[in-house]
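Residue numbers (the numbering used here), protein chains in the order written: chain A, 1118 to 1245; chain Y, 53 to 260.
Bear in mind the hints are in silico, worked out from the structure with no lab data behind them. All C-beta atoms in this analysis are idealised placements derived from N, C-alpha and C, irrespective of residue type, glycine included. Among the hints, a few may not be true.
Said to hold, decoys possible - Which residues of chain A face chain Y? A partial, calculated answer using Cβ under 10 Å:
{"hint": "1", "residue": "Leu1126"}
{"hint": "2", "residue": "Gly1132"}
{"hint": "3", "residue": "Leu1155"}
{"hint": "4", "residue": "Leu1156"}
{"hint": "5", "residue": "Leu1205"}
{"hint": "6", "residue": "Thr1223"}
{"hint": "7", "residue": "Leu1224"}
{"hint": "8", "residue": "Leu1225"}
{"hint": "9", "residue": "Thr1227"}
{"hint": "10", "residue": "Val1228"}
{"hint": "11", "residue": "Thr1230"}
{"hint": "12", "residue": "Lys1238"}
As the list claims (entries may be wrong) - Chain A stretches covered by chain Y per the calculated footprint, using a threshold of three residues with CB under 8 Å from any CB of chain Y:
{"hint": "13", "segment": "1134-1140"}
{"hint": "14", "segment": "1207-1215"}
Claimed, not checked - Pair by pair, the computed Cβ-Cβ distance ranges are:
{"hint": "15", "chain 1": "A", "residue 1": "Asn1178", "chain 2": "Y", "residue 2": "Leu258", "range": "41 to 47 Å"}
{"hint": "16", "chain 1": "Y", "residue 1": "Thr80", "chain 2": "A", "residue 2": "Lys1238", "range": "52 to 58 Å"}
{"hint": "17", "chain 1": "A", "residue 1": "Lys1238", "chain 2": "Y", "residue 2": "Val94", "range": "37 to 43 Å"}
{"hint": "18", "chain 1": "A", "residue 1": "Ile1135", "chain 2": "Y", "residue 2": "Leu78", "range": "37 to 43 Å"}
{"hint": "19", "chain 1": "A", "residue 1": "Gly1209", "chain 2": "Y", "residue 2": "Thr256", "range": "27 to 33 Å"}
{"hint": "20", "chain 1": "Y", "residue 1": "Leu117", "chain 2": "A", "residue 2": "Val1182", "range": "24 to 30 Å"}
{"hint": "21", "chain 1": "Y", "residue 1": "Ala144", "chain 2": "A", "residue 2": "Ile1135", "range": "36 to 42 Å"}
{"hint": "22", "chain 1": "Y", "residue 1": "Val94", "chain 2": "A", "residue 2": "Val1134", "range": "19 to 25 Å"}
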Amino acid sequence: MIASLSLILLCQLIGEVIVRGLGLPMPGPVLGLLFLLLLLLARDRFALLATGPLSGGGVENASRVLLANLSLLFVPAGVGVVQKLDLLAEHGVAIIVVLAVSVVVTLLATVATFVLASWLKTRGEDTP
Amino acid sequence: MSLATNRHPFANPVLHSIWTIGAFLLITGTSYTTYFGGAQFVHFLLGPATVALAVPLYENRKAVLAAILPMLVALVVGSLTAIISAVVLAEAAGLPRGVILALTPKSVTAGVAMGISEQLHADPSLTAVSVVLTGIMGAIIVTPLMNRTGITDFRARGFAAGIAAHGIGTARAFQVDAVAGVFAGIAMGLNALVTSLLVPVAVTLLVR
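Based on the provided sequences and hints, a complete structural model is requested.
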């Protein structure tokens, strides 16, 4: 477990270093994600890599545990709302309504586009 | 409690943890800084959890590759909708400019959103709050909303959840369906990237 977490943290570190070094407009962990993905794909090709956390489902298990508890990881940031209570009191209702409507519209637009694009794609494949 | 209510969307552990802890801090007069000092470790895990998304992505890579085109199109449409709807609605509601700017990146994960907010010279902690609120509301409403539309393609539903409600939406998607969770995770990562690029443009064009 420790080895798996270390591997994940290492990927994150490499991602952060590169992002800061090159000034890329993306969060470090996202680049770390890509790096871990490349490692997993490379493991398919080069059996040599299947050691330590990359073997026996080590990193897979660590990942499962982290993701199973993903929502709770947001709690500390969320509690930060207590610092903004005065601003929320002034504009709170408007902000919440704006965010609520926006999230619904975004969900609908995204899912509709995905389904439509997917349907168009299969239709294009069916017709010769 | 979440399991007892059969994972009813309102029995969201995040939401209830937040208000319970928040209330506790207020009642006992504990400062947020003190709390955050102790909660640092939990908050820190958001980084590794993002990297960990590589595993389900890898495990479902064939399904992902097959859906790459709908994903990219939905990504652009979804990302733009999130930003533009926030700006348009906030202006219609007469919110002050500073608040509008802080709301624009609310669909992406907290760390990135706060970075974008700083670039805009807006208030990053207001952004953080709107990010969490968006995430929670999105996670609560996504399943009932999607069921109403009758759409059963979990890749699409998951992707939408990841775009609109980032990490909290992704967590909710994983609860509902593993494939949805994978697509949500990808959407979240990609949206963070795309939104960072689109927000400055949208702001120049739309915000007075």
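Hints versus structure:
no.	hint	in the structure
1	Leu1126	holds, 6 Å
2	Gly1132	holds, 7 Å
3	Leu1155	holds, 9 Å
4	Leu1156	holds, 8 Å
5	Leu1205	holds, 8 Å
6	Thr1223	holds, 4 Å
7	Leu1224	holds, 5 Å
8	Leu1225	holds, 7 Å
9	Thr1227	holds, 3 Å
10	Val1228	holds, 4 Å
11	Thr1230	holds, 4 Å
12	Lys1238	holds, 6 Å
13	1134-1140	violated (count 0)
14	1207-1215	holds (count 6)
15	A:Asn1178 - Y:Leu258: 41 to 47 Å	holds, 46 Å
16	Y:Thr80 - A:Lys1238: 52 to 58 Å	holds, 56 Å
17	A:Lys1238 - Y:Val94: 37 to 43 Å	holds, 41 Å
18	A:Ile1135 - Y:Leu78: 37 to 43 Å	holds, 41 Å
19	A:Gly1209 - Y:Thr256: 27 to 33 Å	holds, 28 Å
20	Y:Leu117 - A:Val1182: 24 to 30 Å	holds, 27 Å
21	Y:Ala144 - A:Ile1135: 36 to 42 Å	holds, 41 Å
22	Y:Val94 - A:Val1134: 19 to 25 Å	holds, 24 Å
Hint check: a violation occurs at hint 13 only; the rest are consistent with the structure.
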